[in-house]
Amino acid sequence: MSAPAPQKPASDGSATTSVADLEKRHEREGQTYTRIVWTQLKKNRAGMAGLWIVLVLIVVAALSPILANDQPIVARYKGSLSFPAFTTYVDTWVPWRGLRYDMKSWKVGDSFPFGDVYPELEGKTWKQVIAEGGPDLGFSVMPPIPWHPTRPDGTQLKKTPSYETQRFLGTDDQGRDVAARIVHGSVVAVTVGVVAEAIAVLLGVTLGLLAGYYGGKVDLLLSRIVEVVMCFPTFFLIITVIAFLPPSNLNIMLVIGFIGWTGIFRLVRGEVMKNKGLDYVMAARALGFSETRIMFRQILPNSLAPVFVSAAFGVAGAVLTESGLSFLGFGDTSVASWGEIVSQGRQYVQEGATHLILPPGIAIFVTLTAFNLFGQGLRDAMDPKLRR
Amino acid sequence: MIQFLLRRILWMIPTLLGITFVTFSIINFAPGDPVAASMGKSGGESGGADGGGGGQDKQVDAVKAKKKLLGMVEDDPVVRAWETANLIGPAALARAKDAGRPVDLTAAASQGGFPKFARTLTWNQATARLFVGSEAGAVHVVDPSGGAAQSTLATGAGDIWCTAVDDAGRVLGIGDTGGTFRTVATADGAPLGKVVQTDRPFRRAVAVKDGDAPAFLSACDDGVIRLHAIPSGEVVREYRAHSSYVAALAVSADGKRFWSGGYDRRVREWDVAGGPARVVAEAGQAVMALALSPSGSTLAAASEDRSIRLIDLRDAAKPQRVFEGHFKGVTAVTFDAPGATLWSGGRDGRVLAWDIEAGRATAATADDQGVVTAIVLAPDGTSVWTASESTRKTAIWRRYVKWLGRIVTFDFDRSFVTNEKVIDKIAESLPVTLGMNALALFITYLIAIPWGILAAVKRGKTFDRVSSVILFMLWSMPSFWVATMLIMTFSSKRSLDLFPSVGLESTSAAALAYLPWLKDRAAHLVLPLIVMTYGSFTGLTQYMRTSMLETISQDFVRTARAKGLPERLVVFKHALRNSLITMVTLLAGLLPGMIGGSLFVEIIFSIEGMGKLSYTAVLARDYPIIMAISTFTAFLTLLGVLLSDVLYSVVDPRIRHE
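Top to bottom, those sequences are chains A and B.
Residues are numbered in the numbering used here as their position in the first sequence, beginning at 1, plus a constant of 2.
Residues are numbered in the numbering used here as their position in the second sequence, beginning at 1, plus a constant of 249.
Quick caveat, the hints were computed from the structure, so don't treat them as lab data.
Not one of these hints is a red herring.
A few chain B residues facing chain A, derived, Cβ under 8 Å: (1) Ile275; (2) Thr733; (3) Leu887.
Below 27 Å or equal to it, Euclidean Cα-Cα: the simulated BS3-like pairs (lysine-lysine) are: (4) B/Lys346 with B/Lys577; (5) B/Lys365 with B/Lys642; (6) B/Lys822 with B/Lys707; (7) B/Lys642 with B/Lys670; (8) B/Lys707 with A/Lys45; (9) B/Lys651 with B/Lys670; (10) B/Lys651 with B/Lys365; (11) A/Lys45 with B/Lys710; (12) A/Lys44 with B/Lys710.
C-beta atoms are modelled at their ideal positions from N, C-alpha and C, and glycine is treated no differently.
Could you put the whole structure together from the sequences, leaning on the hints where they help?
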């Protein structure tokens with residue numbers, strides 16, 4: 003049970019009590035606010051289930067290149083090992099081209115059996131090499147779903163998507179493997195959901211803190227802005243802005259984040275206003291703490307608790323928005339996204355493309371439920387009335 | 250109460266301004282030129298299909314038109330002066346050759362401040378004044394030597410298309426689109442004679458000599474050229490030969506002969522004294538303007554076929570020289586004083602200067618002039634004046650203010666794509682969306698209220714638990730997925746084909762009697778309504794449950810129970826009424842969702858509502874619609890918020906005094 007999970011909420015809500023001594027004492031006695039919330043959350047089975055699903059989802063997203071790929075995880079060819087499926091990681095996470103090339107030549111990720119090393123393999127894919135076998139190939143381990151999410155398999159190219167063959171979930175209208183696409187779709191869902199909501203939280207908390215703490219004109223101005231943004235139907239505003247931008251997931255994250263911060267702003271503003279008049283702030287002021295210190299070290303930590311709940315729901319909302327955008331065709335088509343698969347299924351609904359509708363939909367549903375369950379569990383755990 | 254309302258409404262004003270500002274910013278600060286971006290793709294394709302040039306022209310035109318529509322440019326009614334020096338001769342030719350095109354010409358001066366486009370330019374030597382006839386029906390008398398204030402003659406004419414001044418500079422002949430030709434005094438614009446009325450516009454007027462008496466010639470769209478006496482304006486003689494609009498007139502230096510050209514493509518030579526006409530040339534399309542060279546030997550005929558023909562009047566057998574350089578119809582032409590340069594203006598918005606001897610354009614303006622309607626040589630011969638329908642970029646804040654002024658009057662412009670009025674489109678689709686949402690909301694309330702009550706009454710029991718799980722799952726299902734699954738299950742030939750999945754009625758619905766029509770409509774509504782209701786269950790039911798729980802735990806309910814009232818009465822009569830208040834006030838808050846929320850449903854089920862309208866507009870980059878919808882919905886939302894505040898304050902008067 004002592005997985006990395008407990009640390010997550012722990013690192014954030016720890017500074018609830020402002021007096022350091024008290025906090026230390028509480029920590030000794032195991033009675034910090036975080037610990038109380040965590041204990042409560044652990045009692046909430048649905049909330050914990052949500053948390054576990056979220057964690058599994060993150061792991062799946064992180065491992066997606068090894069879970070679904072058309073290249074082996076590890077293969078030995080002519081006596082040397084290579085790890086082609088890891089190429090994606092190298093390409094994504096190693097920013098320097100030179101180093102990328104070096105790493106590939108260290109056989110971290112041979113994407114293709116290259117012609118310059120093995121001229122006899124020029125132009126062949128790993129799958130062909132494995133299928134041909136031969137004495138040169140030592141062994142190879144293919145991923146559980148041995149297909150690539152965006153590279154169509156030439157043999158499966160059909161006008162309509164098909165649910166047949168040895169595949170787990172069939173192929174779409176471009177011959178791409180649906181199961182692989184769903185596994186890789188988790189990357190988009192998780193990153194867009196989390197990053198977009200992180201932007202929203204950052205904006206909402208910062209501006210809410212400013213508005214709540216300073217009040218007056220700052221508050222008036224920011225509250226007007228929020229009122230204006232809230233007047234627009236969110237999704238319409240998002241598609242309007244997205245339509246003008248080049249389709250990329252970064253843009254989607256930014257737009258969702260920059261439009262979705264208003265709720266958190268109101269939350270934080272209210273909390274800060276409430277906290278501002280409390281004794282501990284007065285005490286801090288009497289101690290001669292600077293404004294910024296009072297704002298960020300005293301009031302902010304005490305106003306954050308409801309933000310976590312809201313953020314958990316917000317991630318679900320962002321995942322929903324992203325899938326909706328891809329469903330409408332505003333998404334980044336170079337990567338797999340669940341909403342886009344459903345929209346393909348909708349196109350072929352009269353041909354009975356069930357395999358394009360059900361699985362990605364369930365994936366979205368499960369993701370949303372997981373985040374919502376976690377959010378609700380967190381809310382219940384923070385609610386003192388429900389504490390037992 | 251009234252004070253509270255007023256205060257609330259006053260608070261709406263900055264928000265409304267903010268809304269318009271956001272909408273305006275989205276459109277105008279979106280990356281790239283909004284119009285060019287929207288045109289880029291389709292324009293490129295049509296360009297390819299047309300084989301290059303034509304398509305590109307079309308695209309340029311469309312971009313210009315849309316920029317005007319968006320208010321990015323505005324009319325700039327000015328008369329420009331162009332220097333003629335250094336435009337002919339080997340040096341000019343060499344420069345043009347080096348540049349590979351005519352060298353750029355920039356205006357030396359411009360006379361602005363006209364309220365509307367100048368249509369005609371007439372120079373009078375005797376008074377040294379330039380008479381500028383404008384679309385506003387006024388003639389502006391301009392002293393081009395500079396400085397002197399211009400005077401404006403209100404002439405009583407409509408949209409002036411032609412003006413002429415007699416040599417003495419005392420009488421002005423004016424023809425307008427309303428088919429009237431009148432003579433007025435140049436001093437004060439007072440009418441001098443009767444108004445000649447025809448049923449077609451007058452396009453061109455010139456001063457001639459009838460014998461020795463000065464007279465005006467007018468060219469009319471009824472194909473007749475009329476000779477008007479000065480000053481009475483009465484028709485003295487008619488010249489009939491043209492079979493269609495007469496658009497061009499040119500007079501010889503002595504005023505005894507004239508040439509005419511028109512939409513029947515022929516150029517005719519006439520004697521003012523009368524007699525039959527002689528066809529001197531024929532153009533490919535309508536002849537729009539004629540100009541006689543100072544020497545009187547050459548007639549230049551500008552035509553809609555994009556060319557200018559030079560007709561040698563002395564030797565009819567000599568082949569015409571054709572100048573081609575405009576990429577659209579040529580609408581105005583004139584010679585300079587020595588007769589070495591030809592100036593022309595066209596619909597392509599350019600003014601070109603031609604070296605007559607070399608037969609090619611040596612200088613050109615940018616193509617932003619708009620249709621050039623008149624060209625006249627300045628008396629000193631060093632410059633040429635042009636009048637055109639030119640436009641200029643509008644400052645962004647002015648655009649904002651203008652746009653604001655328009656939307657206040659609910660003028661949302663026309664759609665880029667269909668050219669329909671945006672307000673009509675919204676009026677078409679808003680009832681659809683509102684109707685469906687109202688229905689969906691009604692159903693939601695109908696189910697959510699009893700459900701919430703039941704969950705509250707059976708708090709903590711199995712029903713409450715199961716219902717909360719179901720509600721939770723419903724909440725987490727994306728609507729587009731549910732819609733697709735419903736179609737897959739209930740509207741596919743492969744499974745149950747129970748309900749139609751496209752539109753709100755069958756194609757034959759209009760012919761149906763009332764009951765079958767209702768049935769048809771109901772069948773079409775089933776699936777969309779399911780999708781629209783399931784999602785809002787969760788929120789409403791939980792609100793109902795919470796509100797009910799709160800009420801039930803209050804003292805008056807306990808009192809009712811203590812009185813021994815049956816539980817049913819307690820719940821439905823005492824508790825329910827009080828907890829319903831929150832539900833009613835919630836209604837107003839649901840308004841924004843009602844307009845924007847049915848987006849997916851409308852797209853998936855092809856229902857022509859607001860959501861579909863906005864989606865197609867966004868895809869087609871139909872800016873007027875996008876701007877209108879976002880302003881409109883935001884405004885409605887604001888109204889909803891106001892409504893809910895008012896409802897709250899009615900329910901709970903304490904709010905008013907906060």
